[in-house]
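Asker: For reference, the chains in residue letters:
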Amino acid sequence: MYILKRFFTMILTIWVIATLTFVMMKFIPGDPFASDADVLPEEVLNNMRAKYNLDKPIAVQYVLYIKDLVSLDLGPSIQSRTRSVNDIILSGFPPSALLGAQALVLALVFGLLLGIIAALYHNRFIDYLAMIIAIIGISIPSFILAPLLIKFFSVEWGLFPVATWGTWKHTVLPSLALASMPLAVVARFMRSSMIEVMNANYIKTADAKGLSTAGIVIKHGIRNAILPVVSFIGPLFASLITGTFVIEKIFAIPGIGRYFVDSIFNRDYPVIMGTTIFFSVILVVTLFLIDISYRLIDPRISLTSKEG
Amino acid sequence: MEQLLEVKNLEVNFRTYGGEVKAVRDVSFHINKSEILAIVGESGSGKSVTVQTIMGLLPMSVADIKNGTIHYKGQNLLELKKRELRKLKGSKISMIFQDPMTSLNPTMKIGSQIAEGLIIHQKISKRDAKEQAINMIKLVGIPNPEQRYDQYPHEFSGGMRQRVMIAIALACRPELLIADEPTTALDVTIQAQVLKLMIELKEKTDTAIILITHDLGVVAETAERVAVMYAGVIVETGTVHEIFENPKHPYTWGLMESIPDFMSTTKERLIPIEGSPPDLFAPPKGCPFAPRCKYAMDICVDQMPLDYEISSSHSAKCWLNDEQSPNADEVLALGRSLYE
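So the sequences go chain by chain: A and B.
For what it's worth, full-length UniProt numbering labels the leading residue of the first sequence as 1, then goes sequentially.
For what it's worth, full-length UniProt numbering labels the leading residue of the second sequence as 1, then goes sequentially.
Simulated from the structure, these hints should not be mistaken for lab results.
Just so you know, these numbers come straight off a predicted model, no measurement behind them.
Treat the hints loosely; a few may be bogus.
[To be verified] In silico contact screen, one side only, chain B against chain A (beta carbon under 10 Å); selected entries:
no., residue
1, 88
2, 103
3, 121
4, 124
We put the CB at the ideal spot given by N, CA and C, even for glycine.
All chains, please: the whole structure from these sequences, using the hints.
Answerer: Rendered as structure tokens:
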């Protein structure tokens, strides 16, 4: 019942996003052929506008667009005239998703570890060290970290390729660059949450039972401390796997992120719409999965009681 | 009678930003096998800190055990390695906490929380542990133990949760149970049930109990011996009879006077002990109760009273018990103003 309700909400959300994007896009001055307007004759421009339905009233364009969307056809790209938006997403998404997934795993594994260790050594040297690492991770932007990684790991030590896409080795540096910020954020979340949990009364109960510190942390600490981190994973996951423009630009990776940005400069309406909706679908689905996982982590959270 | 646990000259300080808090000062007491010892005293008197020291539960980042020994069957718990102490914790010595609402892990099934201790200490299989845990749930009087095993703490009421805590504590048949205000957070009707349950189980398993409470009614009903704590010091200790019939410390007198009398037919005000406990950042060098004591003499302010033995089981830290001291009424008659 909850899942059904949630499903309809998701469809509704995506429709609202699609409509908003459509409206905002139409508000941007200029059109896809603005740069060609000086060179091409008026008839040619009109023909091209007609091809993409741009000559019709906005309401009609909107209806046509939603119709295509329902049939999962995101339309043709205006900029690269031979490819459809579906093609662009299908070819650009796998590299972005792979990088994103690797970065997410890195960020979670090491972020959680760092956070837990910092919490256990609260206010001691290891804690300070971990938090210094975290602050560095948060404050160094990826477009600075990426060139540094390239300089040392590729140029100086020759361990990994400088850029482009191909083997597993090509994914290492961009994944690292992508992971550093979320890793730091996860570590900080986990630390503060874990410090709170380790002061809880039930931890004292576990201690009084004769459990070892490791046993207390693993069996009683982590599961109770991880909720704030989980709520952060949702949007993080969506943004990581749908590509990040900066990293893909620096490493020349044929991911989806650059289409997202390029399309806006080119007024490539179908690509803007397509990538935006693709991003929102992923985000909405992830958030849905996260909500379900809350319930699995904390039995006190009920999925039905407060709905409706 | 065989001594089970003996605490001697225990001193515990807490490091805070404001300075050192002297939470427990020169505390000594013992408990015999299968005996119930009550430690009474108001909030902040050091009761909980004392027993948490026994269990090694104090946060060592702020707590400082300055002095003392805690002998359990001949071995000093304070000198044991962490790993050795863990073997005793939960199996030989276990503990029930004050607040059942927060003392159970909210994301773990009740049954697993009971079985956990069994698995660690008795090295039995998960299935055997489950069986024993279900028996424990039955033993503490929770209906439908098999179904309850798979439920989470939020599905239990406060009283039921405290029963679960008792099941956890008694699962490994400990020789000593420390109950830190086990009924304080419960409804009055539930309090009686939980206490009764503890006493019943104690009879069955022959467990000794250190019962921490500030409810003198509970003490009178359950305990065999009593230690009265004030400002980190045990001011009087004796059998229940001695403490209730023949108390020898003005603080104990105050406690007795402040018990409401339900049998009385006239309207009477409760008699409180005036004033508040001393600042433990800088405890008075004399008797900690002197500033609030109607009977305080000059020596009380200057010197910590000796521990006067009234009988072999009864002693009190009050100068009034000294041979040279006038008796209490005479002190009162001198009309010494308290806050001069």
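Asker: All the hints need checking, so say for each whether the structure fits it.
Answerer: These are the hints, each one checked on the structure:
1. Interface hint at residue 88(B): satisfied, since its Cβ lies 7 Å from the closest Cβ of chain A, which is below the 10 Å cut-off.
2. A hinted interface residue such as residue 103(B) counts as satisfied when its beta carbon comes closer than 10 Å to some beta carbon of chain A; here the least separation is about 5 Å, so the hint holds.
3. About 6 Å separates the beta-carbon of residue 121(B) from the nearest beta-carbon of chain A, less than 10 Å, and the hint is met.
4. For residue 124(B), the suggested interface contact is broken, since its CB lies about 15 Å from the closest CB of chain A, more than 10 Å.
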